[in-house]
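Number of protein chains: 4
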Amino acid sequence: MRTQESYFKALDDGRNVFYKGQRVQNIVTHEVLSVPVLHAAQLYELKEKEQLFRYHDPSLGEISGFFRIPNDSEALWYRSKIIQESTRRAGGVFNIIQAIGSDAIFASLLVGKQLAMGGKTEFLKRVTDYLSKVAREDLALAVAQTDVKGDRSKRPHEQPDPDLYVRVVEERKDGIVVRGAKAHTTQAAVADEIIFIPSRAMTEADSDYSLAFALPANAKGLKMIVRPMIEIEGFPSRDDAPNASNHAELETLTILDDVFVPWERVFLYRDPKMAGQLANLFALYHRFTALSYRTAMADMYVGLARLAAKYNGIDDVPHIRDDIVDVIMYREVMYMAARTAAVECLKVADMALPNPLYTNVGKLYSNAHFHDVVRDVIDVAGGLVSTLPSTLDYYNQETHEYLEKYLRGSGQFSGEDRFKLMRLVREMVGGPVTGYMLGGMIHAEGSMAASKIAMYREYDFKRSEELVSKVAGVKYPSHIDRTS
Amino acid sequence: MRTQESYFKALDDGRNVFYKGQRVQNIVTHEVLSVPVLHAAQLYELKEKEQLFRYHDPSLGEISGFFRIPNDSEALWYRSKIIQESTRRAGGVFNIIQAIGSDAIFASLLVGKQLAMGGKTEFLKRVTDYLSKVAREDLALAVAQTDVKGDRSKRPHEQPDPDLYVRVVEERKDGIVVRGAKAHTTQAAVADEIIFIPSRAMTEADSDYSLAFALPANAKGLKMIVRPMIEIEGFPSRDDAPNASNHAELETLTILDDVFVPWERVFLYRDPKMAGQLANLFALYHRFTALSYRTAMADMYVGLARLAAKYNGIDDVPHIRDDIVDVIMYREVMYMAARTAAVECLKVADMALPNPLYTNVGKLYSNAHFHDVVRDVIDVAGGLVSTLPSTLDYYNQETHEYLEKYLRGSGQFSGEDRFKLMRLVREMVGGPVTGYMLGGMIHAEGSMAASKIAMYREYDFKRSEELVSKVAGVKYPSHIDRTS
Amino acid sequence: MRTQESYFKALDDGRNVFYKGQRVQNIVTHEVLSVPVLHAAQLYELKEKEQLFRYHDPSLGEISGFFRIPNDSEALWYRSKIIQESTRRAGGVFNIIQAIGSDAIFASLLVGKQLAMGGKTEFLKRVTDYLSKVAREDLALAVAQTDVKGDRSKRPHEQPDPDLYVRVVEERKDGIVVRGAKAHTTQAAVADEIIFIPSRAMTEADSDYSLAFALPANAKGLKMIVRPMIEIEGFPSRDDAPNASNHAELETLTILDDVFVPWERVFLYRDPKMAGQLANLFALYHRFTALSYRTAMADMYVGLARLAAKYNGIDDVPHIRDDIVDVIMYREVMYMAARTAAVECLKVADMALPNPLYTNVGKLYSNAHFHDVVRDVIDVAGGLVSTLPSTLDYYNQETHEYLEKYLRGSGQFSGEDRFKLMRLVREMVGGPVTGYMLGGMIHAEGSMAASKIAMYREYDFKRSEELVSKVAGVKYPSHIDRTS
Amino acid sequence: MRTQESYFKALDDGRNVFYKGQRVQNIVTHEVLSVPVLHAAQLYELKEKEQLFRYHDPSLGEISGFFRIPNDSEALWYRSKIIQESTRRAGGVFNIIQAIGSDAIFASLLVGKQLAMGGKTEFLKRVTDYLSKVAREDLALAVAQTDVKGDRSKRPHEQPDPDLYVRVVEERKDGIVVRGAKAHTTQAAVADEIIFIPSRAMTEADSDYSLAFALPANAKGLKMIVRPMIEIEGFPSRDDAPNASNHAELETLTILDDVFVPWERVFLYRDPKMAGQLANLFALYHRFTALSYRTAMADMYVGLARLAAKYNGIDDVPHIRDDIVDVIMYREVMYMAARTAAVECLKVADMALPNPLYTNVGKLYSNAHFHDVVRDVIDVAGGLVSTLPSTLDYYNQETHEYLEKYLRGSGQFSGEDRFKLMRLVREMVGGPVTGYMLGGMIHAEGSMAASKIAMYREYDFKRSEELVSKVAGVKYPSHIDRTS
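Protein chains in written order, with the numbering used here: chain X, 2 to 485; chain L, 2 to 485; chain V, 2 to 485; chain U, 2 to 485.
None of these hints come from the bench; they were simulated from the model. Each hint should be verified, as a subset may be incorrect.
Any copy will do: because identical chains look the same in the list, a pair fits if it lies in one copy or spans two.
Once the Cα atoms are required to be at most 27 Å apart in a straight line, the calculated DSSO-like pairs of lysine-lysine come out as [claimed, not checked]:
(1) K463 with K114
(2) K82 with K126
(3) K50 with K471
(4) K348 with K82
(5) K21 with K134
(6) K21 with K82
(7) K221 with K463
(8) K476 with K274
(9) K114 with K476
(10) K21 with K114
(11) K82 with K471
(12) K82 with K50
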């Protein structure tokens with residue numbers, strides 16, 4: 002089984018990573034980017050130490066639980082639980098490194114199975130082989146889906162610059178050459194492999210854009226520009242960021258400057274019909290993943306609100322309790338959605354899909370209300386969220402005594418503990434991670450609009466329309482339903 | 002097995018029912034109150050015709066599914082399903098007549114078991130016998146819980162008038178005499194039996210009020226004053242109320258004017274400690290019931306919104322879709338809560354309790370957002386909700402042609418069908434049932450405040466507090482948790 | 002000056018009014034419809050008794066304040082105040098009878114002035130003469146705007162039936178013949194005159210529909226079908242409807258079955274360009290009117306919430322205070338919007354327009370949050386909102402004593418007073434008026450979508466776009482603004 | 002008139018300022034803290050260049066408009082306008098430096114006048130003299146109000162440590178000695194003077210805490226610890242913070258380590274009765290100030306949302322328009338509240354108070370909905386808010402071409418302009434300023450709970466309670482109103 006050491010070693014492979022205007026030599030030893038490396042590596046430690054994270058596959062042997070193919074409710078719920086638990090172990094920060102990749106592989110498997118039923122068997126074989134490889138080698142994976150998109154009102158082939166969605170620019174005997182860029186690829190720079198999949202439904206004219214494939218992170222022509230990780234290095238001292246200084250994920254703009262992909266790594270090719278389906282299936286698995294990690298992430302906010310209330314001596318003030326209950330609602334609606342999506346999964350071929358309706362119901366709630374959670378915690382914690390001095394001041398001998406004395410809250414806690422608690426609260430709801438999280442919670446794994454569209458599309462309106470038609474005494478001709 | 006006929010016959014038993022200022026002679030033949038009678042009676046028809054509603058009990062034989070004691074997740078979910086389905090069969094109107102009574106009996110059983118463990122075995126025996134009786138005789142039941150309460154800031158024994166909570170006024174050899182009044186007792190006047198349980202936690206000083214017992218609906222001294230059922234008779238024509246003219250439940254102010262209760266019908270007696278527990282257990286079962294019927298009720302609103310949109314020709318207008326998605330959210334959060342509460346039930350003795358956290362999460366959402374659903378449907382349906390002419394005008398030959406011509410909407414529906422659909426929409430979101438429903442959805446089975454208290458009480462804060470304490474680097478001494 | 006008597010007499014003019022499937026002989030003596038008559042007539046009483054409601058016009062002498070042409074902020078605010086005050090005098094029920102008519106006349110005056118500037122002077126003269134007439138004779142007016150519209154996705158001339166928007170079907174020497182129907186015409190059946198204006202912007206092809214004109218309520222071919230007024234007659238006793246039994250407005254479906262209109266009453270004719278403008282100007286004046294009456298209407302809800310809290314003895318419970326504060330917010334945002342719309346009015350020609358931005362901001366808030374107000378009051382008042390017995394039971398000697406005893410709340414109020422208060426609460430948030438009001442508050446004077454469109458159209462984005470462009474350091478070329 | 006130069010010079014006065022664990026030598030030349038200095042100094046430039054910011058006082062001559070005593074609606078609105086305009090000139094960042102000080106002085110003046118009416122004239126004289134001084138010398142002022150408070154459930158004198166609220170520890174012939182600490186004192190370290198006022202109502206036992214006074218910023222024993230200003234220095238490059246690198250305000254924990262205050266600078270002394278009133282009056286003036294600056298701040302968010310929509314090519318997508326309309330609502334409700342609070346000001350003595358009801362209505366809306374504005378802008382802008390590369394990468398020649406090519410949006414804007422716009426959007430809703438702003442908007446100038454309390458206290462319930470009582474037919478005895 003893969004160790005942290007072998008993972009670290011694999012990352013020193015000449016990959017093209019840029020950060021703050023400079024090429025990164027070795028990401029493992031980089032003073033900032035090593036944080037996402039270590040965060041990802043925690044998964045190998047968890048797997049080594051805890052049975053929960055391992056799964057015995059009949060043919061592959063003992064593999065990471067993330068690569069277990071979900072075939073029923075129990076397997077889906079197991080998947081949710083390891084995502085929740087690994088998130089909780091990391092201070093509520095999602096560890097995407099095997100979750101998103103397996104989401105993409107499972108979606109590709111289903112598409113491959115459909116293609117195979119239609120007679121095209123090579124794609125299923127490639128995906129199956131690829132899954133065996135990543136599971137056996139226990140690889141770290143990223144998924145690049147969101148194209149940069151240019152003018153949002155135009156389709157891929159209509160864009161003035163044809164490269165604004167990733168496309169094939171050359172077909173060779175042994176593979177294809179691809180060009181374009183993907184935005185916000187989480188943990189790409191610390192992955193072994195990056196899987197590229199379409200970001201939307203395509204039309205026939207978008208054939209060049211209807212692709213899926215995988216690349217090693219050091220593929221020639223592949224370049225990754227990392228966003229500024231101010232949640233780690235923005236504060237005067239890393240101690241001011243107790244969570245992000247240990248757990249954070251990077252994001253890259255991922256550029257394909259005419260990169261070659263051998264055929265065995267091409268999972269979808271010039272197939273506009275299946276492109277949208279692959280995008281949707283991935284979105285479905287990945288939103289289920291989202292519900293799972295967000296549930297554990299929300300544990301942090303429940304705890305922040307409750308402990309801030311206690312430290313301030315206001316945990317029985319009614320409007321403070323309302324705030325805390327609101328955070329609980331946030332966590333538990335997501336949890337219920339994940340639970341119900343697993344219990345009421347759909348069986349397709351020999352795989353289990355999270356129930357699309359409940360997955361999207363939970364996801365919509367999750368996106369629509371995270372900002373309320375932030376407001377709740379701020380309301381409980383008070384103005385220090387914006388004005389707490391830095392750790393450097395706290396331990397500066399000229400000012401330490403004052404801060405210890407005056408930052409005391411409710412009597413049962415020391416001034417130092419309250420400072421430490423408030424420092425974490427500030428980090429989470431008043432610091433650089435706050436804006437980053439808000440963007441993530443609203444957009445990652447699909448926007449509110451995307452979930453609404455999915456809900457509307459998936460909904461069984463017939464049940465309620467027939468009921469109403471019957472009570473109203475009007476006809477409910479089936480042809481009407483088909484018109485919309 | 003009991004038939005509708007035998008049920009009707011049993012109701013003609015001299016019970017004291019008052020409606021619109023007059024004593025009701027026979028409720029079965031009453032021009033208005035026969036509607037709730039027939040609504041309740043539908044349960045006997047469903048049970049006769051459909052296997053779903055029958056349960057084979059090892060000792061009692063074939064009984065109504067409502068009286069099946071829930072002992073695991075599956076049994077709870079079965080219970081939820083028959084509540085959903087019977088509600089759907091009744092135009093989205095809850096059929097409470099065996100659901101609430103079994104909720105109360107299950108709660109009493111659990112209290113009885115606890116008392117038996119402490120050595121007081123008679124209560125468990127009485128409840129067990131009572132359940133056998135009602136299951137065998139397939140009785141119709143009401144539950145009277147909410148005391149009239151007087152000044153809400155005072156406990157029962159502090160009220161200026163000692164009768165503002167139901168209390169024992171005399172203890173006899175063969176039983177007790179009780180006095181007081183209960184508000185909003187649903188379907189009391191059409192029940193065979195009424196079960197009285199406490200509405201709150203009690204203190205030692207409230208011992209006289211710490212009671213539970215059952216009475217036949219025609220007990221001497223028992224009087225029931227029915228609310229005005231304007232949803233049935235308020236419109237110019239019953240055709241203007243297509244739903245309520247077939248399905249509605251009555252509510253009574255239920256008065257105990259020194260009523261005698263034999264000991265075998267007393268399920269809790271001068272037991273302040275268990276009074277609150279019985280109230281809470283009943284609330285828990287009954288809120289699970291609420292989630293179940295409200296899910297099916299919400300089907301009506303989903304259908305109303307979707308069909309109104311289609312009839313108006315606006316079902317692809319984005320803000321109309323937002324309205325519809327919001328109604329879907331409403332239904333599905335309740336559904337997910339019921340589902341998760343069943344899947345993650347608690348096992349106590351040999352019974353299964355719906356998970357209290359998820360039950361209350363769903364209930365809070367349900368209470369807090371029903372008014373949004375009403376707004377959504379109104380927004381979709383348009384001003385006719387307030388201004389639609391009556392059915393008498395629609396079929397008046399002087400005006401019929403105009404109405405047929407001018408009430409047309411989108412081309413694929415006739416003017417008459419649109420009138421009928423809008424008439425039902427008006428009934429549900431612009432008619433007398435609307436105000437009644439709003440009150441019910443906000444208060445029935447416990448207010449928002451009640452669900453918040455339950456959530457706060459039930460919540461496992463330790464998980465998140467420990468997580469935050471660890472990340473913050475502060476101590477999390479267990480004694481702190483106990484202080485709040 | 003006109004008296005109530007002369008108004009009543011004028012209503013007995015052979016007008017074609019239908020109610021509950023029958024032609025109404027004399028609306029003044031009709032057992033139900035006399036309520037809207039008396040409600041309208043209150044305006045004549047107020048004007049007679051109170052200076053506030055009278056205005057001395059230099060040329061017309063002493064006229065109703067409603068017909069005072071607004072020419073500055075003060076005049077607009079005066080208008081708002083008399084609308085507020087007349088609403089307050091009527092239990093929070095808007096008295097539309099001179100407000101809406103003057104809104105339409107002011108809008109028509111502005112359009113007339115614009116046409117006159119373009120050389121077409123006859124329309125301005127006709128409107129001016131008409132205003133003089135109605136002001137001198139102190140007439141009661143209704144306005145019919147909303148066409149029945151058929152398929153909402155089609156323009157007037159595209160509808161399968163050409164009559165689904167009101168149109169001219171014949172042009173004669175002395176006038177025109179019109180056909181069609183208007184929905185929800187408030188108080189049409191108790192007005193002296195009805196003014197018809199377009200409901201939307203028109204295209205050239207909709208020329209036949211681009212009309213405005215006035216008709217006496219007894220015009221030949223004009224037929225009015227009144228909605229069922231269940232808020233008056235739905236309860237067992239009118240005493241159960243203490244407010245609506247005195248104050249209510251009727252609504253009609255208003256049918257024009259080839260009605261002749263003499264030229265002097267035609268205010269816009271085959272003028273698609275000005276049709277939309279007239280619709281918008283009317284909407285603007287009328288939404289300002291709406292803010293004004295809704296402010297006073299909201300006084301009722303503030304009072305209901307506060308008194309229900311006191312009668313229940315819970316007025317210092319925090320979540321109850323939150324409810325009350327929410328109702329206050331509702332009232333005061335509308336008030337602030339009206340106030341600011343008057344203070345920052347636009348001057349066009351010699352007239353003052355309420356500021357369109359603030360008018361729509363207030364209107365949007367008003368439509369979007371009325372249902373919250375209903376929820377707030379219900380949350381405060383408790384379940385009796387749905388289950389209170391009728392007045393007939395309250396005063397039935399068999400049950401009176403029980404009700405008096407058990408309906409007591411907080412000690413300082415008698416059982417009878419609490420019954421009366423709760424009866425009014427039930428009427429307003431749990432009775433037939435509730436559904437009607439919800440529809441009205443969400444749709445009357447334009448939907449939420451309509452206010453959003455107006456806000457977006459009116460907004461001065463340049464101020465903020467220039468600011469942002471400057472800070473971002475990007476160009477803000479003026480041509481960009483014109484593209485959207 | 003004071004120049005920027007003389008202001009800079011005055012700041013080099015040996016004041017005790019700490020930042021990132023070190024004493025600051027000269028704040029004017031400090032690489033980070035010079036930003037708040039220059040921000041404050043902009044006021045002197047505005048005053049020099051624009052008539053708007055100057056006011057001719059009959060006795061003091063030409064002074065800063067901020068020191069104009071408001072005596073009527075017009076003067077209040079003038080005040081609001083200069084606050085709005087100076088905020089707008091600073092990229093939507095409030096310039097507090099004369100606004101808050103004058104708020105405190107006006108409140109102290111009113112308290113002084115009340116004390117003078119009671120015979121204690123010295124306080125009024127001191128405040129009057131102080132105002133003359135600061136107006137003539139055109140000083141920069143901070144106000145320290147919020148005590149550190151310790152256990153929020155205890156009064157000042159009940160705290161285990163008596164210093165957790167600022168108090169007098171010694172009374173001398175020539176003045177007093179004070180001790181304690183104030184949290185979040187905005188711009189204290191760049192002010193000439195700091196005014197200390199009570200943060201709450203006091204009881205007799207809190208007499209030592211019932212103080213108000215002013216100190217020069219370099220007073221002996223006065224120490225200021227500045228929060229980390231990561232919005233300026235957190236990003237890899239200051240270019241990543243186009244707004245905060247020019248405009249930001251600092252906040253200090255302000256410590257009084259036995260500081261001497263001469264009597265002429267003591268404005269309230271051991272006066273528990275007036276302490277609460279001073280706190281409230283200051284809160285009122287300052288919340289009016291808040292509405293004013295927040296209106297202009299909101300201009301930034303309106304512009305960000307609108308331009309982001311245009312740059313993304315989605316400004317006519319309905320849900321995007323909804324987001325923009327929501328931001329407009331936010332700005333305009335605050336604007337209307339400020340406008341109405343000025344128009345309906347209260348006259349006390351010869352001064353004008355902003356209407357307390359409308360001030361708090363606006364403030365509550367402002368606090369409760371800022372997080373929605375953040376969500377709206379994020380929803381419009383997309384995931385780049387979280388993942389945009391840094392400016393260093395944008396202009397790194399190895400990556401520049403890719404970024405220019407792939408960050409293009411809608412065709413009419415260059416890639417560079419879109420990068421710059423998105424960089425500002427990221428700064429405002431996805432950067433370190435976001436968390437800081439959220440805390441500020443929720444807590445600064447008083448929390449939501451504080452505004453609710455003020456609204457409830459100020460509200461004229463009589464109007465609506467009488468109305469309801471009349472319609473309900475119940476007594477409305479005046480004594481009842483007094484009970485609550």
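Results of checking the hints against the structure:
1. K463 with K114: Neither: 30 Å inside a chain and 45 Å across chains, both beyond 27 Å.
2. K82 with K126: neither (29 Å within a copy, 43 Å between copies)
3. K50 with K471: For K50 and K471, the Cα distance is within 27 Å only across copies (20 Å; inside one copy 59 Å).
4. K348 with K82: both (20 Å within a copy, 22 Å between copies)
5. K21 with K134: Result: close neither inside a copy nor across copies, 34 Å intra and 50 Å inter.
6. K21 with K82: Neither. Shortest intra-copy (36 Å) and inter-copy (41 Å) distances fail the 27 Å Cα cut-off.
7. K221 with K463: neither (52 Å within a copy, 47 Å between copies)
8. K476 with K274: The answer is neither: 36 Å in one copy and 41 Å across copies each exceed 27 Å.
9. K114 with K476: neither (40 Å within a copy, 52 Å between copies)
10. K21 with K114: Answer is neither; intra-copy 43 Å and inter-copy 59 Å both fail.
11. K82 with K471: For K82 and K471, only the inter-copy Cα distance (21 Å) is at most 27 Å; the intra-copy one is 43 Å.
12. K82 with K50: Within. Shortest intra-copy distance 16 Å satisfies the 27 Å Cα cut-off; inter-copy 43 Å does not.
The structure is inconsistent with the numbered hints 1, 2, 5, 6, 7, 8, 9, 10, although it conforms to all the rest.
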